[in-house]
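When you get a sec, could you build the whole thing from the sequences and use the hints?
These protein sequences, in sequence, are chains A and B. Residue 705 in the UniProt record's numbering sits at position 705 of the first sequence; the count goes up by one each step and never skips. Residue 108 in the UniProt record's numbering sits at position 108 of the second sequence; the count goes up by one each step and never skips.
Everything labelled a hint here was simulated from the structure, so no lab data went into it. Be aware that one or more of the hints could be misleading.
As the list claims (entries may be wrong) - Here are the simulated lysine to any residue pairs, SDA-like style, with alpha carbons at most 25 Å apart:
hint, chain 1, residue 1, chain 2, residue 2
1, B, K35, A, H270
2, A, K429, B, S137
3, A, K569, B, G204
4, B, K109, A, A144
5, A, K429, B, G204
6, A, K690, B, V202
7, A, K80, A, R133
8, B, K113, A, A739
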Amino acid sequence: MNKVAEQVEATPEQIRDQQLYRSMGLTDHEYQLIKDDVLHRLPNYTEVGLFSGMWSEHCSYKNSKPVLKKFFTKGKHVVKGPGEGAGIIDIGDNQGVVFKAESHNHPSAVEPFQGATTGVGGILRDIFSMGARPIASLDSLRFAEPKTDADKYFIQQIVAGISAYGNCIGIPTVGGDTAFDDAYAHNPLVNVMSVGLMDLDKIEVGAAAGVGNSIVYVGHKTGRDGINGASFASFQFDSEHESQRSAVQVGDPFEEKLVMEACLDVINNHAEALIGIQDMGAAGLVSSSAEMGSKAGGNGMELNLDLVPQREAGMSAFELMLSESQERMLLCVKAGHEDEVLQVFADRGVNAVVIGHVTEGHQYRLLHHGKLVADVPVDSLAAQAPVYHRESAVPEHLKHADAHQYQPQIANPTATLKQMLGQLTIASKESIYETYDTQVQTNTVVAPGSDAAVVRIRHHDKALAITTDVNGRYLYLNPRIGGQMAVAEAARNIVASGATPLGITDCLNFGNPEKPDQFYELDQAVMGMSEACEKFEAPVISGNVSLNNEYDNVPIYPTPMVGMVGLIKGIDHITTQDFKQAGDLVYVIGKTDAGFNGSQIQKMQTGQIFGQLFDFDLDYELKIQHLVTKAIQAKLLQSAHDISEGGLITAIAESTFGRQLGVELASDLTVADFFSESQSRFVVSVPQDKQAAFEQLVGSEAYQLGKVTDDNHFFVQASDGYFDLDSDKALAIWKGALACRLK
Amino acid sequence: MKFAVLEFPGSNCEMDLYNAIKDIIKEEVELVSYKQESLAGFDAALIPGGFSYGDYLRSGAIARFSPIIPALQQFASSGKPVLGICNGFQILTEAGLLPGSLQKNVSAKFICKDETLVVNNNHSLFSSEYQKGQLISLPIAHGDGNYYCDQETLKSLIAHDQIVFKYTNNPNGSVDNIAGIVNQQGNVLGMMPHPERAVEDVLGSSDGKGVFQSIVKHIKSRGVIYE
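Structure follows, in structure tokens:
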């Protein structure tokens, strides 16, 4: 054996006396619990490692579990809700749509390229382990405004990582959202959502049941990358600990493609041999095997670590169990069917090895070099992880917030509009998404750049609309209402594309739950989201939690990314945001009020976000969404676009860009009103011959603004001024801003 | 008439080609593993896009040593149509079936967007359904699409009218705006843009159908070639 690599592990007594468990992420209380209540003896080094991984927030949700119970998860079409790798919703014809989102914030902060690649890889494994073929991915990104070359490099590397992985494995990256705010300077957010399609009679579950059945390790060899990454993901960053690179994994999309095809082959063609299948994600081998064992219930598990394919010599049991090497899966295979399954992997050149068995009893036992190195109750790792009910307190900045809405100062409306179109959060994200393969699998009907991406379901007259959304600024001013708005905006995107919401997934990106004011934000946001989910009948079917996004004690804005999927029943209902032709009538549907606190124009003019968030009414929101759905289904609309950041004027401008058209509009709103971000509004265009039918359907909620033109002139008359510029100039500002700032 | 769609480890557009032929062109089509050593029974061979062997070493460089490649070379020398798209084009240059090579895009980034091409030659068996000079819109999706050949090769390509498609707005730095070329015999086409992604209006363009329809027309008019 390699002497250099051989390590001397601390003894159980040393771990206790020197409190070595702390550096692995366990608290004194948790260590006592393991020692006194679970094992009734001192845990050894390997066992402490197992618990530190499994009891991390990332695996156990110990701080968020009580909050997550507040989520609305019911719905008549929900086949599988939260708990498995990903949730499933029935979309008819024996088809299920499977989706989930995952954050890779911490790894991406230390190593942007690999952090992003492995984020994509991990979420895809969650999807195909359910028996679904991934059909689309989306990315929700939050960065600080790039200032230095290092900032630009960082953003480019994140994007390059997503591009490298998704493009290679052949799953289209069809959408997402990117916003910029210095609140994310030290904690960028990299959230990836993936959507899969499956036949409902082929559901797989990550469970291992039946004594004697084999545990099969599949995929890449295990190396020393990402050791105990789950605990790492649950730490806060600070300026004293900048270098934690060893906790980051390296992605190999080619291997993942082989593993994915082989796993889908086993699920689809060898169902009788397969008991369960699970991704080796956070906390690697221990997490996948313990969860598999715990979910099955009633049995134990024994693994022989000498059989685990290894990339490096002399790896310890701790390292083997906690490594987060990528592109690995764990299967439970029915006794007697091992050869049949191993052959499927061999045919595709993928490692597959029997490393253990389901056993009698309830113990989770690990053998290494002929010795028993861990022997713990299987449920103690997964199901019985501690749960903390954290304290909640209203944050200081919300206690004395000014109820008055900010009043924008606009001397020159056209100049203000130009400035708005150049804001990075508003500007076109083309320079990002054109590096993603958005079309592979040839089902992408609406590519990035409209409200929601639309992917058709081949051989059926239906399609899925998919979007990601959240505005952390709204949540910063009011986590509850902001949480409602995040879901509502996602739903508006879905509705604008011609779909009705099916359900959501989420990534709850928040600060430190041990601090009451930061926990308050998480708790309130979840309640707000849940209220909106219930209102829109869009249950939460899966999700992920990323806490401790704080740096030197300052948290990010509360940012619960909402990933929503909707169903379009009939390909001809697919609607995009672009105005289609000159002469069409432009309307705004929904009332415009003063919605300025937390808005893009407040940030643009003051550099800050402050005051009480503007009002929001879920019932009115739903009413407006229903009107738009009816108008689309009655084929009255040429285009529909949700009004969000940058307000009505921005939404109008965005609607003109796709086909490079102009507008001639007039309204009794003030110039400032055109930048209001009050919710529950859409900009739509209607062909002239449908005017009467449209106005009858929508009634007093629609306000006609004027006409689409084709004369390269963007002209909007407000009550106290006007916006007047060449359409191509507006387009150039909007299209060039981000590319220019990233150069 | 039966198309073969070759499948290498890491190919990812094989089903797109398969579906285009089956559902839109409505001809017989079968996936053929890289492990096979024969293409007997097929009238045309299609090499899909993707990242064979992860593009490791160099795109197409490892796939070129697959068991199916000698059969493909024989298939090509018998005069049957061979079409390589994107990674398929890269494999064809690596396998010596087409001259030149594909380098990294000048931007050094992967680019996915619709590009306008001009049909430079409509008397190839792959482009007879187009008009010479016709502008067509096809998507590109590649990181290594920058076609390179030396001046002598370029002169020869021009002299033998081997340049079938050109970009009107060169997205990747290709020599002479080349998007697709045929071999001197005219039966092997390599192109970076994806005609199989542009066969239905609902996906944005049907301009790619002509490539496959041209192949079908050629095979039907020429009759079956036995081994």
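Evaluated hints:
1. B:K35 <-> A:H270: 22 Å, holds
2. A:K429 <-> B:S137: 22 Å, holds
3. A:K569 <-> B:G204: 20 Å, holds
4. B:K109 <-> A:A144: OK: B:K109 and A:A144 at ~23 Å, within 25 Å.
5. A:K429 <-> B:G204: OK: A:K429 and B:G204 at ~20 Å, within 25 Å.
6. A:K690 <-> B:V202: 24 Å, holds
7. A:K80 <-> A:R133: 16 Å, holds
8. B:K113 <-> A:A739: It holds: about 16 Å lies between the C-alpha atoms, which stays within 25 Å.
Every hint, counting from the list given before, is met by this structure.
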